[in-house]
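A.B. asks: So the protein sequences, as listed, match chains A and B.
Following the working numbering, the numbering of the first sequence begins with 1 at its first residue and continues without gaps.
Following the working numbering, the numbering of the second sequence begins with 345 at its first residue and continues without gaps.
These aren't lab readings, by the way, just hints derived from the structure by calculation.
The reader is advised that the hints may include incorrect statements.
To be verified - To give an idea of the interface, some chain A residues facing chain B are shown, with a C-beta separation under 7 Å as derived from the structure: (1) 106; (2) 110; (3) 127; (4) 137; (5) 142; (6) 145; (7) 263.
Owing to the predicted nature of the structure, the values given are computational and were not obtained by experimental measurement.
Cβ atoms here follow ideal geometry from the backbone N, Cα and C, with glycine treated the same way.
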Amino acid sequence: MTTAQPIDAPNLPEPGPDRFGARASAALDGQAADGSPRESLIRARGLTKKFGQFMAVDAIDFDVAPGESFGFLGPNGAGKTSTMRMIGCVSPITAGELSVLGMDPRTDGARIKSRLGVVPQQDTLDMELTVRENLIIYGRYFDLSRREAGRRADELLEFVQLSDRAKDHVEPLSGGMKRRLTIARSLVNEPDLLLLDEPTTGLDPQARHLLWDRLYRLKQRGVTLVLTTHYMDEAEQLCDRLVIMDKARIVAVGSPRELIEQYSTREVLELRFPVGVQETLGSELDGLAERLERLPDRVLLYTDDGEAAAAAAHARGLRPETVLVRRSSLEDVFLRLTGRSLIE
Amino acid sequence: MSAAAPVARGQAAASPRRPIARGARQVFEFRALVYRRVWRGSMFSTFLSPVLFLAAMGVGLGTFVDHGSAIASLGGVSYAAFLAPGLLAAQGMQTATSESTWPVMGGFTWDRTFHAMYATPVSIAGIVAGHLAWLTARLILTATVFFLVMVAFGFVASPLGVLGIGASVLTGLAFAAPVTAFSAGQTNDTAFSAINRFLITPLFLFSGTFFPIEQLPEVIRPIAWLTPTFHGVALARGFSLGTLDPIGLLVHLAVLGLYIGGGVAWAMIAFRRALTK
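Same shape as in the complex, but just chain A:
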């Protein structure tokens, strides 16, 4: 029998006067409702996207404040990418209101796009050009002179640590390098708002951490980040505030810390029983915790004091193979809200 101490618990800032939390939550609470113009970079009300009969985004509301780092978290097919494409002015909205940088995507798409950086889910790099040429050509689409595009290309390659690959073709680059190049490219117009659709999906841990570091630096410079992810650690690392989407709707909103406080307990006690024993357990576990969840391989007990619950279980004669007490994470919130069944 082993007892593990929590090791994950990220050092999240205390609620209150934290980086953006106060301002961010204000954006969603009061003022917006009375219709007064607020300083939101993105404002959505009843935003809806349908593909034929399929409801991809079902009347969602959200606000993104300047300088904020805002996440859409959700399982595949929840409507994250459709939302991002509407913000990026490439997918027309079906119904509702959307304002991006104070403008209407239906009429001011080109003007909005001139101030956006977009990192799409699938890379859209040109394989026949070199790394540096990819940046220059992209800068040209934003009306930069060749000289200016070249200057920014060199700076950005340094920023994403690809300067030594400037003259290489894109094709042989690793997935992480291509992703960094895509991020560099999205910055070539010095955007006010950066849209990242699953920025680190498919990358190895080293590449992900390098990317997170670069994104964090951008955030510190005041760039507003909006990202989608289905990685909890990514959301915890990068997002001041996030919404959890499921089946085309927003099911929860808040900072990672707020969501954990609201939808989970402080700690989780995980009990793993020998094969065959768990199925025989009936009411022995009742009342040990606020909430109890039986997984195929273990039982999760949601409680504010995991050690006490472990002791109580022991006192009832339960003899699990392993006992683990850990802090609640965003993953617990996510799985509670979106369910554990596999979504394909």
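For this one, chain A is given, so just place chain B on it according to the hints.
C.D. replies: Chain B alone, transformed into the frame defined by chain A:
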């Protein structure tokens, strides 16, 4: 690095109505840059294949068929002088089709460069216009090379034959626009070899390129009249042999114009569908 800090506002904000030509020029520049990297691959089709074709068909086959009755049925010119402008126009069709199939589909599904463009202020009209402007440049280049080879072989009957370059470009665009539209709706390339086999090859062989369509069975002839290839070939040949009457000129130009105009309209719809879904 601070200079790259994307906090700065007020950079070249695009005007509400961004001119289509600006986006088209930027897309053209992109295609030209790519071509600078890959042009060696197109060397054969652009430069060597006209030489081979004109030598084999014009000189080889020409000497074989050039005798009394054949010359009479071709309107009193050598087979080479009859054939060369036809090939000039037909080459426009082939170049345009190959540049409007795989490269267009790839831009949507392989490296997705059209999606990359559309994430920027470049509009759909700018993307379509830039693509077709680039194809026009490509067609001018290949037609000019082909024409110079014709001149070198002595296959051009009149100075007006130089207008055959224009006929070749228009023939090419009459294919480029609708084929581009078709390719934008494809998610794989299975249809493209069928296009080549069942559309381009028959058009190449039976649109008056190698022999007058009067040789075709009467029931088939009206089909030839509906094809852009027939009109492009007739236009190029008419210029080269000086046999074009004003009505013929207008009809040929009108048919080619219809294919180009219809193709552009279809391409706008197909690109919008592919980019905004």
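A.B. asks: Each hint: holds or not?
C.D. replies: Status of the hints after comparison with the structure:
The beta carbon of residue 106 of chain A is not positioned within 7 Å of any beta carbon in chain B (closest approach about 12 Å), and the interface hint is therefore violated. Interface restraint check for residue 110 of chain A: the shortest CB-CB distance to chain B comes to about 4 Å, inside 7 Å, so the restraint holds. Evaluation of the residue 127 of chain A hint against chain B yields a held restraint, the C-beta minimum of about 5 Å falling below 7 Å. Taking 7 Å as the C-beta cut-off, the interface hint given for residue 137 of chain A holds, the closest approach to chain B being about 5 Å.
Taken as an interface hint, residue 142 of chain A checks out: its beta carbon lies about 6 Å from the nearest beta carbon of chain B, inside 7 Å. Using the Cβ-Cβ criterion of 7 Å, the hint placing residue 145 of chain A at the interface with chain B is not satisfied: the shortest such distance is roughly 9 Å. With 7 Å as the threshold, the beta carbon of residue 263 of chain A stays out of range of chain B, its nearest partner Cβ sitting at about 34 Å, so the hint is violated.
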